[in-house]
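Following the hints, put chain B in place on chain A, whose structure we already have.
Each chain, written out:
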Amino acid sequence: MPLTADVAAQQVQERLRSLHRLIYDIEAERARNEQCIDSILRAEKAVESPPSNEDSSSSSQQQMQLKNLYKSGLSAAEQEESLLRKALSRIYEIRSIKNERRIQARYAGNKETIGCGALMKMLLSAAQTLPLHVGRVGERAPPLCGAVPPDSGHVAKAGDAVAALVRVSEKEENWILAEVVSWMPAQGKYEVDDIDEEQKNRHILSKRRVVPLPLMRADPRVDEHALFPKGAVVMALYPQTTCFYRAVVNRLPANAADPYEVLFEDSSYADGYSPPERVAQRYVIAIKEGKGRAT
Amino acid sequence: MLGKRMHHNSKGRLASKGHDNGKPSSPGISPYNKPAKIPGAISAGKTKVELCPIPYIKIQDNAVHLPRFTAIAARSADEPIGMDELDSLQLELESLLGNTALRIRYFQAEIESIDTNESKREKKGKAAGKQLQYPVKRKFPDDKLVKTNSTKLSNQPKVPKFKNLSNASSGGSHNYSNDIANSDNSVKLELSQFALPKNNIPYKFWSSVDPYCAPVTLDDIKFLESLLAQSSNTTLPPIPPLGRHYSEVWADEHLAEDQNASNPNKQKSSMSPEASSIRKKLDKTNENMITGPLTQRLVSALMEENLMNYEVPDIKVKQTTNTKSSYKNSLTLEKCLRKELVEQGILDPEDLPPLTNPADDEILAEIKKCQTELTAVKKDNCRNLKHLIGLCKQEMIRLNLKKQLDQVDMECIDIYKKMVAAKQKKRPITKKEKEDAWRAINEQIRLNKEINALPITGPNSS
Chain A
1 MPLTADVAAQ QVQERLRSLH RLIYDIEAER ARNEQCIDSI LRAEKAVESP PSNEDSSSSS
61 QQQMQLKNLY KSGLSAAEQE ESLLRKALSR IYEIRSIKNE RRIQARYAGN KETIGCGALM
121 KMLLSAAQTL PLHVGRVGER APPLCGAVPP DSGHVAKAGD AVAALVRVSE KEENWILAEV
181 VSWMPAQGKY EVDDIDEEQK NRHILSKRRV VPLPLMRADP RVDEHALFPK GAVVMALYPQ
241 TTCFYRAVVN RLPANAADPY EVLFEDSSYA DGYSPPERVA QRYVIAIKEG KGRAT
Chain B
1 MLGKRMHHNS KGRLASKGHD NGKPSSPGIS PYNKPAKIPG AISAGKTKVE LCPIPYIKIQ
61 DNAVHLPRFT AIAARSADEP IGMDELDSLQ LELESLLGNT ALRIRYFQAE IESIDTNESK
121 REKKGKAAGK QLQYPVKRKF PDDKLVKTNS TKLSNQPKVP KFKNLSNASS GGSHNYSNDI
181 ANSDNSVKLE LSQFALPKNN IPYKFWSSVD PYCAPVTLDD IKFLESLLAQ SSNTTLPPIP
241 PLGRHYSEVW ADEHLAEDQN ASNPNKQKSS MSPEASSIRK KLDKTNENMI TGPLTQRLVS
301 ALMEENLMNY EVPDIKVKQT TNTKSSYKNS LTLEKCLRKE LVEQGILDPE DLPPLTNPAD
361 DEILAEIKKC QTELTAVKKD NCRNLKHLIG LCKQEMIRLN LKKQLDQVDM ECIDIYKKMV
421 AAKQKKRPIT KKEKEDAWRA INEQIRLNKE INALPITGPN SS
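Protein sequences, first through last, are from chains A and B.
Residue 253 in full-length UniProt numbering sits at position 253 of the first sequence, and the numbers go up by one each step.
Residue 452 in full-length UniProt numbering sits at position 452 of the second sequence, and the numbers go up by one each step.
One chain only, chain A, in its complex shape (with noise of 0.2 angstroms):
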C-alpha cells in the first residue's frame, strides 16, 4: 500500500496528539511515583536509625513495612514503566513513517542530495535517535540491539543501515557505510546504495560482505551484557568519514547517550593505534574475521 504523504502526515499526526496526551499521563505518574520514594526513603531512614537492632520484633516489623513500600513503589514504577514505553513507541512509529516516505520518494526518484556536512549531521542524529531497548527485568537484549548479533537467517530490509565490504579499486577493498536498496533472495544478494550520495553508486553483494547495523541502543546500566566489552576488536565508522575500520573499544559507554571510545587501528601512530575517538553504539559493529582485512 503506496503511503501518500497525505496519509502520512495524518498519521504523524495522530501520533503526535497520542504522544501529548501520554506525557500528561507520565508527568501524572511520576508525581506519583515521587510520593512513593519519598515515603520509602523517610521508611529506610527509621530503619537505619535506631542505634540498636536487637529488638528484632520491632526491626523485622520494621522490614515487613519497608517491604510492602518498596513491593507499592515497584508497581508505581512499572505504571510508569509502560507509560514511557508507550511514548517511546509514538515516537519510533512517527520515525518509521517517515523512513518510509523517504524510501518510497527515493524509488519515485526524486532523491534529495545533501552535502557532505548535512550527511554528516544526519548520521550523528540517527546514531542518536536509534530507539533505546531497555530490557525489562530477566530479558535478554534482542538480536541487532547493540553487539548482539542478528539471527542466522536475518534478512536486512530496505532502508536498513549496513556496512558493506565493496572493492573500491583494482586491488583495494572498503568496508563503507550503505543502506539496502533490496534483498534479491534467488542469487542471496544485496542490493545497496553508498549511504554517501556522492558515490552515486549502487552495489550487489554477497550477503557474506553485508552486516547490519544495530538498530536498537542497549542502555549500558540496564543491558551492560548488550555491549562490546573493553579490549573487544571491532569495526567502527572512523569519525567524519563514511568508512568503517578495525578499532580497539577503549572505553564502554556511560550512558544511553554516550557513544564508545575506541582506538582505531593506524601504523602512522607510534603504538599501532590511533588516539581515542567517540563512536556511537549504531556504528560499531562485530569484525568479519577475514573479510574485514582490507588487502
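Worth flagging that the hints you see were computed from the coordinates, not collected in a lab.
Note that beta-carbon positions come from the ideal geometry of N, C-alpha and C, so glycine has one too.
Any given hint might turn out to be false.
Said to hold, decoys possible - Simulated crosslink set (DSS-like; lysine-lysine; CA at most 30 angstroms straight-line):
1) B:LYS417 to B:LYS403
2) A:LYS67 to A:LYS45
3) B:LYS369 to B:LYS379
4) B:LYS402 to B:LYS386
5) B:LYS222 to B:LYS393
6) B:LYS120 to A:LYS45
7) A:LYS71 to B:LYS58
8) B:LYS120 to B:LYS222
9) B:LYS403 to B:LYS386
10) B:LYS120 to A:LYS71
11) B:LYS449 to B:LYS431
12) B:LYS58 to A:LYS45
13) A:LYS157 to A:LYS288
14) B:LYS393 to B:LYS403
15) B:LYS378 to B:LYS403
16) A:LYS67 to B:LYS378
17) B:LYS393 to B:LYS417
18) B:LYS393 to B:LYS378
19) B:LYS432 to B:LYS402
20) A:LYS67 to B:LYS204
21) A:LYS86 to B:LYS386
Claimed, not checked - So these bits of chain B aren't anywhere near chain A, every CB distance computed over 12 angstroms:
22) PRO55
23) LEU86
24) ILE104
25) GLU112
Said to hold, decoys possible - Some residues of chain A that are not near chain B, with every Cβ distance over 10 angstroms (derived):
26) ALA87
27) ASP151
28) GLY153
29) LYS157
30) ALA158
Showing chain B alone in chain A's frame:
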C-alpha cells in the same frame, strides 16, 4: 591506514569538507562534546546534596534534566508537539525509561534482600542454641573477631548498608551516572562479601599450632607442678559398705507405690516404714534364709525326713523371732556346720570352697580392680609429670643459654660489620677491637658447647 583514508579523502569519501571550510554548521571536532545533548549525564549537584540510592529524576529538577518534556507537559493539548522537538523528547523519555528500569531493579533487589534476611533470621533462631554450645577449646582473638563480624553482617538489615556504602564511595562526586555506577559497585561488593568469606584458615591453623612450638615459660612449669600436687594429693574414694539388695529396695518401692495409689493423700516421695515392715512380713513366709551349701543340704535332708533331732530347730526359732539377724545367723550356722564336719573328719578343709562374705560380690571385685588400675595410672601420671617438669627446667636453662647466644651472635655480626667497614675505609683495626672480637667468638663457642652438652629435650633443641 591513514594513507587509505587520505586516499578516500581525495575521492570524496572523507566527508570533511565542512571541516576544511571551517563552516560552523558542520559537526565540529567531536560532536559528542556537548554535555547538554547527553541527558543521562546529569551534572546538577545543587539539588542533590543528599545522594539518593533510588534512581529517579525529581520533579523539581524537571527544568534542569527534562526541559523539552516539561515544556510539552505544561502546554495545552491544542498546541501540538513539533517534529523538531521529537529528537530531544525521545532522549529525555529514554533517560526517564532507563531510570525507571533501574528503579524497578532496585526495588526488586531490596524486596529480595528483605526476604532472604527474613529466612536467614529464622534459620539463625533455630541454630542459635547450637552455636552457643559449640565448644571452643582455644580462643584466638582473630577467631572471635570473625565471629562477631559475621553475626553483624547477618543481623544488620541490608538496606542501610547498601546506602552507607554508596554514600561513602561516591563521596564528593555528584555526577549522576557515577552515582549509579557506584551503587552498582556497592551491590557487587556486598555480593562478593557474602559469597567469599575471608579465608582465615591458615591463620587459624598457625595460631592453633603455635602453643605447641612456643618456648617453655615459667608459667608452664608452675602449671605442671600444680598438676603434680593435685594428682599426688588425691586419694581414692573409699568403698561404701554394702547396702540393701536391689530386689528389697524395689519391692519396698512397689509396695509404697501401691499404697500411694490406694491412698492419694499420702505424699509419694516418703517411703513409709510400714511398707518395709509389710514386705518383711510377706517375706518371712517364703524367704529362704539358708545361705551356705552345707546348710542347704542339711535342711533339705531334714525336710525330706521330717526329722527335727538336731539343733536346727533352735536356730529356726531364732530365725523366726529375729528376722533382722537371720542373715548373720545363717552364716554362723554354715560356719558351725563346716567346723563340725571338718572336726568329725567327714570333710577335708581343702575340698571346701573358701567361705565367702556376702559383701564380696563381683561388684566389689570390679571396684577393687578399678582402684588398682587408677592407682597405677596415678603413679604413672605422677612419674610423667615429674619427668616433664625436669625436662622443662632443663629447657629453661637451654633457653637462657640460647638467649645469651643470640646476643653474642648479634655482637659478632656487629663486630664483623665494623671490621668490614674498617677494611673498606682502610682504617687499621685497633687492638681493643680485636680483643672484643675474640672475646665474642670465644663466648659464642663456649655457649654453643654448653648447649650441645645439654640432653635433647623439646622442639627448641635444634
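Verification of the hints:
Proximity of B:LYS417 to B:LYS403 is assessed by CA-CA distance (about 21 angstroms); at most 30 angstroms being required, the pair is judged to hold. Restraint check for A:LYS67 and A:LYS45: the C-alpha separation of about 14 angstroms stays at or below 30 angstroms, so the hint holds. The hinted pair formed by B:LYS369 and B:LYS379 meets the criterion: a straight-line CA distance of about 15 angstroms does not exceed 30 angstroms. Between B:LYS402 and B:LYS386 the CA atoms are separated by roughly 24 angstroms; this keeps the pair inside 30 angstroms, and the hint holds.
With a C-alpha separation of about 11 angstroms, the suggested pair B:LYS222 and B:LYS393 falls inside the 30 angstroms cut-off, and the hint holds. For the hint linking B:LYS120 to A:LYS45, the alpha-carbon distance of about 23 angstroms falls within 30 angstroms, and the restraint holds. Of the pairs offered as hints, the one joining A:LYS71 and B:LYS58 holds, with about 20 angstroms between alpha carbons and a cut-off of 30 angstroms not exceeded. Of the pairs offered as hints, the one joining B:LYS120 and B:LYS222 is violated, with about 47 angstroms between alpha carbons and a cut-off of 30 angstroms exceeded.
With a CA separation close to 26 angstroms, the supplied pair B:LYS403 and B:LYS386 stays within the 30 angstroms bound. Restraint check: the Cα-Cα separation between B:LYS120 and A:LYS71 comes to about 21 angstroms, which is no more than 30 angstroms; the hinted pair holds. Pair hint B:LYS449 plus B:LYS431 holds up; C-alpha atoms about 27 angstroms apart against a cutoff of 30 angstroms. At most 30 angstroms may separate the alpha-carbon atoms for a hinted pair to count; B:LYS58 and A:LYS45 meet this at roughly 19 angstroms.
Using a Cα cut-off of 30 angstroms, the hinted pair A:LYS157 and A:LYS288 holds, with the two alpha carbons roughly 20 angstroms apart. Restraint check for B:LYS393 and B:LYS403: the C-alpha separation of about 15 angstroms stays at or below 30 angstroms, so the hint holds. Proximity of B:LYS378 to B:LYS403 is assessed by CA-CA distance (about 36 angstroms); at most 30 angstroms being required, the pair is judged violated. Under the criterion of a C-alpha separation no larger than 30 angstroms, the hint pairing A:LYS67 with B:LYS378 is inconsistent with the structure, at around 66 angstroms.
For a cut-off of 30 angstroms, the pair hint linking B:LYS393 to B:LYS417 is broken: about 36 angstroms separates their Cα positions. Restraint check for B:LYS393 and B:LYS378: the C-alpha separation of about 22 angstroms stays at or below 30 angstroms, so the hint holds. Restraint check: the Cα-Cα separation between B:LYS432 and B:LYS402 comes to about 26 angstroms, which is no more than 30 angstroms; the hinted pair holds. At most 30 angstroms may separate the alpha-carbon atoms for a hinted pair to count; A:LYS67 and B:LYS204 exceed this at roughly 40 angstroms.
For the hint pairing A:LYS86 with B:LYS386, the CA-to-CA distance comes to about 91 angstroms; that exceeds 30 angstroms, so the pair is violated. Separation of B:PRO55 from chain A is inadequate, the least Cβ-Cβ distance of about 8 angstroms not exceeding the 12 angstroms criterion. With a minimum CB-CB distance of about 6 angstroms to chain A, B:LEU86 fails to clear the 12 angstroms threshold, and the non-interface call is violated. With a least beta-carbon separation of about 5 angstroms from chain A, B:ILE104 fails to lie farther than 12 angstroms from that chain, contradicting its non-interface assignment.
For B:GLU112, the condition that its CB be more than 12 angstroms from all CB atoms of chain A is violated, with the nearest at approximately 10 angstroms. Non-interface status of A:ALA87 relative to chain B is broken: a Cβ of that chain comes within 10 angstroms, the nearest being about 6 angstroms off. Every beta carbon of chain B lies more than 10 angstroms from that of A:ASP151, the smallest distance being close to 24 angstroms; the non-interface claim holds. No Cβ of chain B approaches the Cβ of A:GLY153 within 10 angstroms, the least distance being about 30 angstroms, so the stated non-interface status holds.
The beta carbon of A:LYS157 is kept farther than 10 angstroms from every beta carbon of chain B, the shortest such distance being approximately 21 angstroms. The claim that A:ALA158 lies off the interface holds: its Cβ sits roughly 23 angstroms from the closest Cβ of chain B, which is beyond the 10 angstroms cut-off.
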